[in-house]
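Protein chains in written order, with my numbering: chain Y, 1 to 174; chain Z, 1001 to 1174.
The hints are simulated quantities; they were obtained by calculation from the structure and are not laboratory data. You may find that some hints are simply not true.
Reference excerpt, derived from the structure (chain Y facing chain Z, CB under 8 Å, subset only) [said to hold, decoys possible]:
1) V69
2) F115
3) C116
4) I122
Covered stretches of chain Y (chain Z as the covering partner; in silico rule of three or more C-beta atoms under 8 Å from a C-beta of chain Z) [unchecked claim]:
5) 53 to 64
6) 98 to 111
All figures in this text were calculated on a predicted structure; none of them were measured in a lab. From the three backbone atoms N, C-alpha and C, an ideal C-beta is built for every residue, glycine too.
There are 2 protein chains.
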Amino acid sequence: MKKTIAVDMDGVLADVFSQFALYHQKEFGVLYTPEDKMGISELDSFPNIHQYIHSVGFFRNVGIMPNAVEVLSKLNEKHQVYIVSAAIEFPLSLNEKLEWLQEYFPFITWKQIVFCGSKQIIKADIMIDDHFKNLDYFEGQSILFTQPHNALFDNGKHIRVHSWLEIEKILNVQ
Amino acid sequence: MKKTIAVDMDGVLADVFSQFALYHQKEFGVLYTPEDKMGISELDSFPNIHQYIHSVGFFRNVGIMPNAVEVLSKLNEKHQVYIVSAAIEFPLSLNEKLEWLQEYFPFITWKQIVFCGSKQIIKADIMIDDHFKNLDYFEGQSILFTQPHNALFDNGKHIRVHSWLEIEKILNVQ
Chain Y
1 MKKTIAVDMD GVLADVFSQF ALYHQKEFGV LYTPEDKMGI SELDSFPNIH
51 QYIHSVGFFR NVGIMPNAVE VLSKLNEKHQ VYIVSAAIEF PLSLNEKLEW
101 LQEYFPFITW KQIVFCGSKQ IIKADIMIDD HFKNLDYFEG QSILFTQPHN
151 ALFDNGKHIR VHSWLEIEKI LNVQ
Chain Z
1001 MKKTIAVDMD GVLADVFSQF ALYHQKEFGV LYTPEDKMGI SELDSFPNIH
1051 QYIHSVGFFR NVGIMPNAVE VLSKLNEKHQ VYIVSAAIEF PLSLNEKLEW
1101 LQEYFPFITW KQIVFCGSKQ IIKADIMIDD HFKNLDYFEG QSILFTQPHN
1151 ALFDNGKHIR VHSWLEIEKI LNVQ
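Hey, can you work out the whole structure from these sequences and the hints?
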């Protein structure tokens, strides 16, 4: 059966951790790995995170999570996929995010993109996200994508995945 | 009881008809009124509409529908209001729409704004919109805001209102 799937950008499609780490390294000379920051919030890991997020090019040049393109492409053939990003807080990011999606995920059309402030208004069967604040209010099947900031926490409400290959398996689109 | 209300921008908060008419007048020298265009689609009314929509300043300088500010302000005090605009098709409009909302509806925070392609992913109790294509798939209470393009059609599925004062009355926030 065709399902509606809401897929987050930052920390799920886009490797923002590595981008934060690079910006932090440029500023402080130390390159952190995900292992260094397990269980630590993004803000505590990278104190100048707001500065990075508000700088031109941050979202346009962020890397892609491994296997995200091929697995999302398969999901998109079988299901109704929406990319749902809480991007309204960062107005500069809106056009950068659109361009980024267009470049790396050209099979996603403008009709499938949602930029919001809160995700409480989103209706879907499945939500894939790396933040509890988005998944906890969601009424459908919730999939928590592992990122350092959420790695040591579990409230028993969500299915945890560590990679897009796991999503491929769980959602049966191999 | 607090309800979640999804409010459209173009044709509901923003008087895009008058803006289309002004742009058309500048090009062709004829100023149409709403009465001239009853039952006619926006594209048939203004053949160069796509050009207007894609030009810098169109959405930043659009007028406000009468009484929209005061009634939305009251709704916002009593209910959970979201502004939901199908704006992703027009990337140029995103920042203009944010600035416009910030100027005229400063009580609406970034957390309450949603830009999407399709509104089929929106979950709310009430949706106020001027397009059947958005309301027809909506599962909650749907309110059709009269605009020339929808004025002569009725599929019996929605409550029709002609003004924000009517919304004030129907949703009981006088």
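We went through each hint and held it up to the structure:
1. V69: 20 Å, violated
2. F115: 5 Å, holds
3. C116: Holds, because the Cβ-Cβ distance from C116 of chain Y to chain Z comes to roughly 4 Å (cut-off 8 Å).
4. I122: For I122 of chain Y, the interface hint holds, since the closest Cβ of chain Z sits about 6 Å away, which is under 8 Å.
5. 53 to 64: violated (count 0)
6. 98 to 111: holds (count 4)
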